[in-house]
Amino acid sequence: MTHFKFDNPILRIQDLFFYYGEKEVLKSITLDVPRNQVTAFIGPSGCGKSTLLRCLNRMNDMVDNSRMAGSMLKDGMEINTPELDTISLRRQIGMVFQHSNPFPKTIYENVIYGLRIAGVKNRQLLDEMVEKSLQGAALWDEVKDRLQESALGLSGGQMQRLCIARAIAVNPEIILMDEPCSALDPIATSRIEDLILELKKRYTVVIVTHNMQQAARISDFTAFLYMGELIEYNKTNIIFTTPAKKQTEDYITGRFG
Amino acid sequence: MIPSKPNFRKQGEHYVWGTGAALALTLLAAFTLIVVIMVNGLGYFWPARLAHLALADGSFVMGELTEENIGPQGRRVQLKVGNRDIYGLDFKWVDGREITSLTYPDEAVTLERRENGNFYGTLSAIRVDGLGIQTGQDLFLTLQEARKLISRRMEDIDPVVKEMGRVNLEMEDIRLEIQKLRYQDAAGYAAEIQELDLLSAAKRKAFDQMNQRISDFRADLAAHTVTLADAAGTLKEVPLVQIMRAYRPNRMSLWEKSWLYIKKIGELLTGEPRESNTEGGLFPAIFGTMMMVMTMSFFSIPLGVVAAIYLSEYAKPGVLVRLVRVAVYNLAGVPSIVFGVFGLGFFIYGVGGAMDQLFFPERLPTPVFGTGGILWASLTMALMTVPVVIVSTEEAFAAIPKGIREGSYSLGATKFQTLLRILLPSATPGIITGFVLAMARAAGEVAPLMITGVVKLAPALPMDGEFPYLHLDRKFMHLGFHIYDVGFQSPNVEAAKPMVFVTTLLLLVLVVVLSLSAMVLRNRMRARYQTRAF
Numbered sequence: 042m043t044h045f046k047f048d049n050p051i052l053r054i055q056d057l058f059f060y061y062g063e064k065e066v067l068k069s070i071t072l073d074v075p076r077n078q079v080t081a082f083i084g085p086s087g088c089g090k091s092t093l094l095r096c097l098n099r100m101n102d103m104v105d106n107s108r109m110a111g112s113m114l115k116d117g118m119e120i121n122t123p124e125l126d127t128i129s130l131r132r133q134i135g136m137v138f139q140h141s142n143p144f145p146k147t148i149y150e151n152v153i154y155g156l157r158i159a160g161v162k163n164r165q166l167l168d169e170m171v172e173k174s175l176q177g178a179a180l181w182d183e184v185k186d187r188l189q190e191s192a193l194g195l196s197g198g199q200m201q202r203l204c205i206a207r208a209i210a211v212n213p214e215i216i217l218m219d220e221p222c223s224a225l226d227p228i229a230t231s232r233i234e235d236l237i238l239e240l241k242k243r244y245t246v247v248i249v250t251h252n253m254q255q256a257a258r259i260s261d262f263t264a265f266l267y268m269g270e271l272i273e274y275n276k277t278n279i280i281f282t283t284p285a286k287k288q289t290e291d292y293i294t295g296r297f298g
Numbered sequence: 305m306i307p308s309k310p311n312f313r314k315q316g317e318h319y320v321w322g323t324g325a326a327l328a329l330t331l332l333a334a335f336t337l338i339v340v341i342m343v344n345g346l347g348y349f350w351p352a353r354l355a356h357l358a359l360a361d362g363s364f365v366m367g368e369l370t371e372e373n374i375g376p377q378g379r380r381v382q383l384k385v386g387n388r389d390i391y392g393l394d395f396k397w398v399d400g401r402e403i404t405s406l407t408y409p410d411e412a413v414t415l416e417r418r419e420n421g422n423f424y425g426t427l428s429a430i431r432v433d434g435l436g437i438q439t440g441q442d443l444f445l446t447l448q449e450a451r452k453l454i455s456r457r458m459e460d461i462d463p464v465v466k467e468m469g470r471v472n473l474e475m476e477d478i479r480l481e482i483q484k485l486r487y488q489d490a491a492g493y494a495a496e497i498q499e500l501d502l503l504s505a506a507k508r509k510a511f512d513q514m515n516q517r518i519s520d521f522r523a524d525l526a527a528h529t530v531t532l533a534d535a536a537g538t539l540k541e542v543p544l545v546q547i548m549r550a551y552r553p554n555r556m557s558l559w560e561k562s563w564l565y566i567k568k569i570g571e572l573l574t575g576e577p578r579e580s581n582t583e584g585g586l587f588p589a590i591f592g593t594m595m596m597v598m599t600m601s602f603f604s605i606p607l608g609v610v611a612a613i614y615l616s617e618y619a620k621p622g623v624l625v626r627l628v629r630v631a632v633y634n635l636a637g638v639p640s641i642v643f644g645v646f647g648l649g650f651f652i653y654g655v656g657g658a659m660d661q662l663f664f665p666e667r668l669p670t671p672v673f674g675t676g677g678i679l680w681a682s683l684t685m686a687l688m689t690v691p692v693v694i695v696s697t698e699e700a701f702a703a704i705p706k707g708i709r710e711g712s713y714s715l716g717a718t719k720f721q722t723l724l725r726i727l728l729p730s731a732t733p734g735i736i737t738g739f740v741l742a743m744a745r746a747a748g749e750v751a752p753l754m755i756t757g758v759v760k761l762a763p764a765l766p767m768d769g770e771f772p773y774l775h776l777d778r779k780f781m782h783l784g785f786h787i788y789d790v791g792f793q794s795p796n797v798e799a800a801k802p803m804v805f806v807t808t809l810l811l812l813v814l815v816v817v818l819s820l821s822a823m824v825l826r827n828r829m830r831a832r833y834q835t836r837a838f
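Chains A and B, in that order, are what the protein sequence lines are. Here the first sequence stands for residues 42 to 298, where the numbers follow this note's numbering. Here the second sequence stands for residues 305 to 838, where the numbers follow this note's numbering.
What the hints contain is simulated information worked out from the structure, not anything from laboratory work. Think of the CB as a built atom: it goes at the ideal place given N, C-alpha and C, for glycine as much as any other residue. Take the hints with a grain of salt, since some may be wrong.
Here are the simulated EDC-like cross-link-like pairs (lysine to aspartate or glutamate), alpha carbons at most 20 Å apart as the crow flies [stated by the list, open to error]:
| id | chain 1 | residue 1 | chain 2 | residue 2 |
| --- | --- | --- | --- | --- |
| 1 | A | Lys46 | A | Asp235 |
| 2 | B | Lys620 | A | Asp105 |
| 3 | A | Lys146 | A | Asp116 |
| 4 | B | Lys507 | B | Glu474 |
| 5 | B | Lys509 | B | Glu499 |
| 6 | B | Lys540 | B | Asp442 |
| 7 | B | Lys706 | A | Asp102 |
| 8 | B | Lys719 | A | Glu65 |
| 9 | B | Lys466 | B | Glu576 |
| 10 | A | Lys46 | A | Glu270 |
| 11 | A | Lys242 | A | Glu214 |
| 12 | B | Lys719 | A | Glu214 |
| 13 | B | Lys509 | B | Glu459 |
| 14 | B | Lys719 | A | Glu239 |
| 15 | B | Lys620 | B | Glu699 |
| 16 | B | Lys396 | B | Asp442 |
| 17 | B | Lys509 | B | Asp520 |
| 18 | B | Lys620 | A | Asp56 |
| 19 | B | Lys484 | B | Glu467 |
| 20 | A | Lys173 | A | Glu239 |
| 21 | B | Lys706 | A | Glu214 |
| 22 | B | Lys719 | A | Glu150 |
| 23 | A | Lys68 | A | Asp56 |
| 24 | A | Lys146 | B | Glu710 |
| 25 | B | Lys706 | A | Asp168 |
| 26 | B | Lys540 | B | Glu710 |
| 27 | B | Lys719 | A | Asp56 |
Label-pair distances were calculated between CB atoms; the ranges are [said to hold, decoys possible]:
| id | chain 1 | residue 1 | chain 2 | residue 2 | range |
| --- | --- | --- | --- | --- | --- |
| 28 | B | Glu699 | A | Tyr60 | 31 to 39 Å |
| 29 | B | Asn827 | A | Pro227 | 36 to 44 Å |
| 30 | A | Ser107 | B | Phe720 | 19 to 27 Å |
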């Protein structure tokens with residue numbers, strides 16, 4: 042398989058294995074995530090792409106009876122070690138989920154949640170961050186007059202952008218997105234896609250998607266996973282035009298999966 | 305061909321009918337119960353007309369018609385004839401055939417007395433010398449005027465009565481102090497004890513003087529009397545101080561009756577019970593019930609919520625946790641009397657007994673905490689209702705979508721921060737549901753209370769103006785126990801019957817009010833913390 046190495050990757054995954062009980066879900070994944078680019082993980086359901094994503098911010102710690110082996114380096118710092126402070130890791134690596142999950146609080150409180158739990162109390166700073174984050178998530182104009190209303194009154198697409206705003210409010214370096222558009226209509230989807238392209242100027246984005254057109258539209262690099270293995274990883278235009286592996290080609294052309 | 309409608313059975317219509325019928329039956333049962341209680345309970349306070357019956361044997365009976373039915377000898381009516389001090393019984397059955405005439409005489413008077421129940425009769429004379437009232441006018445008006453004057457006079461001695469209560473408390477304090485000194489070192493404190501004895505004797509003297517004053521005063525007032533004739537013409541002299549209220553029900557307009565009705569209900573809610581609980585108000589019982597429920601909630605809600613948090617958030621799922629959960633759920637099904645026995649053994653004899661040994665050794669064998677009290681009753685009830693709180697809290701936590709937790713963790717929140725800022729607020733409506741259920745259960749439960757501190761008549765409320773204001777060691781009254789006591793332990797069952805319904809109604813109202821207020825709170829919370837279903 043092709044190893045695509047970068048000089049100074051923000052994330053370097055080496056020989057990563059992941060197990061649910063006895064089941065091997067990820068098999069020897071080795072992959073570099075480049076800085077300030079959009080990297081997409083694609084593959085059929087159950088191929089392990091979401092699991093891989095959730096390894097990156099150690100969200101799988103919460104899963105009972107699971108185990109992780111191998112190495113993940115963020116800027117040379119080991120992620121897969123019990124000594125790691127997952128709290129500060131997750132502040133550096135934010136996450137947006139498949140189903141938007143705003144907290145049952147006001148829009149304002151949703152955005153500053155990460156700052157509040159980090160102990161920020163300065164009202165002025167919080168106000169600034171709310172505006173900045175909401176603007177960063179292209180939501181400010183729609184909600185600026187109702188910041189104190191419940192976040193649960195927003196539309197699906199707005200909720201997802203709120204979750205993005207919430208993630209960027211803590212100023213992470215990487216944003217992980219787990220099929221962020223799969224529950225949205227085409228218009229909301231295209232707004233999020235535009236937003237992702239905007240986000241990559243300041244953040245590194247790793248996105249899991251089911252939708253190959255989406256991967257083709259927004260990502261710079263694409264990794265194809267199948268049955269827990271990384272089949273192919275390359276520049277997106279290469280993967281979608283001249284894939285090296287037969288399996289990749291079959292998947293992209295819709296012959297299976 | 306147009307397909308024909310599938311038949312009744314195929315559509316499952318008969319099942320729908322079945323479910324509807326089940327619901328209707330349940331509603332009917334509940335509705336009937338409530339109507340029966342309301343009719344019997346609320347009717348009691350309506351100023352009933354006084355019927356005057358002439359009987360075939362030439363005698364007369366007067367009273368309120370309370371019931372009418374067909375007995376073995378045909379139609380018969382029940383009258384509440386009152387005048388317990390003359391007849392011995394309040395109620396009398398009269399055969400329909402014996403009645404020769406039935407009238408509602410205008411001049412018939414109902415007297416509500418402090419003792420011996422109502423008196424029904426007609427006024428024949430009044431003695432109000434020295435009150436400065438013109439006699440010679442209508443006797444009833446004179447009576448009302450005299451009563452007003454006398455009740456104003458009675459207020460004059462209120463400060464004395466209050467002072468007596470204070471002196472009495474001081475004497476009790478001195479007695480306990482002496483007891484303590486004697487216990488510690490009788491010989492060493494001989495001088496102090498003697499001093500206290502003298503002080504106590506002085507207080508006793510003052511107390512006796514005040515007591516004498518009050519007795520004299522009452523005796524003076526008791527000289528003012530009214531004389532009534534009952535249906536048979538027997539005369540009865542009643543001191544005015546004994547009369548709580550006098551009215552002529554057969555002359556009252558609907559409006560007057562309604563006003564009286566409202567006043568009587570007010571008295572029920574705020575007054576003290578009289579005549580071994582068959583008359584008077586229910587205030588101590590209402591207060592005791594509320595206070596017991598609140599003290600119970602104070603213990604059981606925090607305990608239950610914290611236990612549920614551990615069970616659902618921190619405990620590692622496994623056989624042990626499952627066992628604990630099953631045990632907790634089953635705890636809710638343990639007969640309440642078992643909890644009562646446990647409370648008696650553990651709290652009263654165990655904890656209370658140990659507290660007495662430690663803090664009040666001088667008073668032994670008289671217990672302070674080693675006997676039933678509102679604290680122990682509340683703790684026992686708290687144990688009983690904790691499973692309900694645990695179950696509903698756990699359910700509330702389980703209902704929070706997983707994504708919400710993950711969202712919080714992904715922003716760098718710790719488990720505890722997530723719990724405090726996200727999970728607890730979201731679970732609050734569910735916790736309040738548990739609170740409602742626990743309150744309703746505690747308010748309606750009687751058996752465990754009977755052995756942990758409820759009494760037929762409590763001398764003082766568990767909360768008052770005396771330091772330390774909250775007297776959790778005191779015994780208390782409870783509406784549920786009141787129902788049992790009045791209905792089944794009363795010497796005068798027939799007279800107590802309406803009181804049973806009234807008390808039941810009040811208990812129901814209390815539970816409904818408590819539950820409704822909690823539900824309003826919950827709905828307000830829910831509007832704030834509602835999470836969308838995905």
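Going through the hints against the structure:
no.: 1; hint: A:Lys46 with A:Asp235; verdict: 28 Å, violated
no.: 2; hint: B:Lys620 with A:Asp105; verdict: 9 Å, holds
no.: 3; hint: A:Lys146 with A:Asp116; verdict: 35 Å, violated
no.: 4; hint: B:Lys507 with B:Glu474; verdict: 8 Å, holds
no.: 5; hint: B:Lys509 with B:Glu499; verdict: 16 Å, holds
no.: 6; hint: B:Lys540 with B:Asp442; verdict: 19 Å, holds
no.: 7; hint: B:Lys706 with A:Asp102; verdict: 14 Å, holds
no.: 8; hint: B:Lys719 with A:Glu65; verdict: 28 Å, violated
no.: 9; hint: B:Lys466 with B:Glu576; verdict: 17 Å, holds
no.: 10; hint: A:Lys46 with A:Glu270; verdict: 17 Å, holds
no.: 11; hint: A:Lys242 with A:Glu214; verdict: 11 Å, holds
no.: 12; hint: B:Lys719 with A:Glu214; verdict: 23 Å, violated
no.: 13; hint: B:Lys509 with B:Glu459; verdict: 24 Å, violated
no.: 14; hint: B:Lys719 with A:Glu239; verdict: 33 Å, violated
no.: 15; hint: B:Lys620 with B:Glu699; verdict: 17 Å, holds
no.: 16; hint: B:Lys396 with B:Asp442; verdict: 31 Å, violated
no.: 17; hint: B:Lys509 with B:Asp520; verdict: 16 Å, holds
no.: 18; hint: B:Lys620 with A:Asp56; verdict: 30 Å, violated
no.: 19; hint: B:Lys484 with B:Glu467; verdict: 26 Å, violated
no.: 20; hint: A:Lys173 with A:Glu239; verdict: 14 Å, holds
no.: 21; hint: B:Lys706 with A:Glu214; verdict: 25 Å, violated
no.: 22; hint: B:Lys719 with A:Glu150; verdict: 19 Å, holds
no.: 23; hint: A:Lys68 with A:Asp56; verdict: 8 Å, holds
no.: 24; hint: A:Lys146 with B:Glu710; verdict: 16 Å, holds
no.: 25; hint: B:Lys706 with A:Asp168; verdict: 29 Å, violated
no.: 26; hint: B:Lys540 with B:Glu710; verdict: 83 Å, violated
no.: 27; hint: B:Lys719 with A:Asp56; verdict: 30 Å, violated
no.: 28; hint: B:Glu699 with A:Tyr60: 31 to 39 Å; verdict: 32 Å, holds
no.: 29; hint: B:Asn827 with A:Pro227: 36 to 44 Å; verdict: 37 Å, holds
no.: 30; hint: A:Ser107 with B:Phe720: 19 to 27 Å; verdict: 22 Å, holds
Taken one by one, the earlier hints fail for this structure at numbers 1, 3, 8, 12, 13, 14, 16, 18, 19, 21, 25, 26, 27, listed in ascending order.
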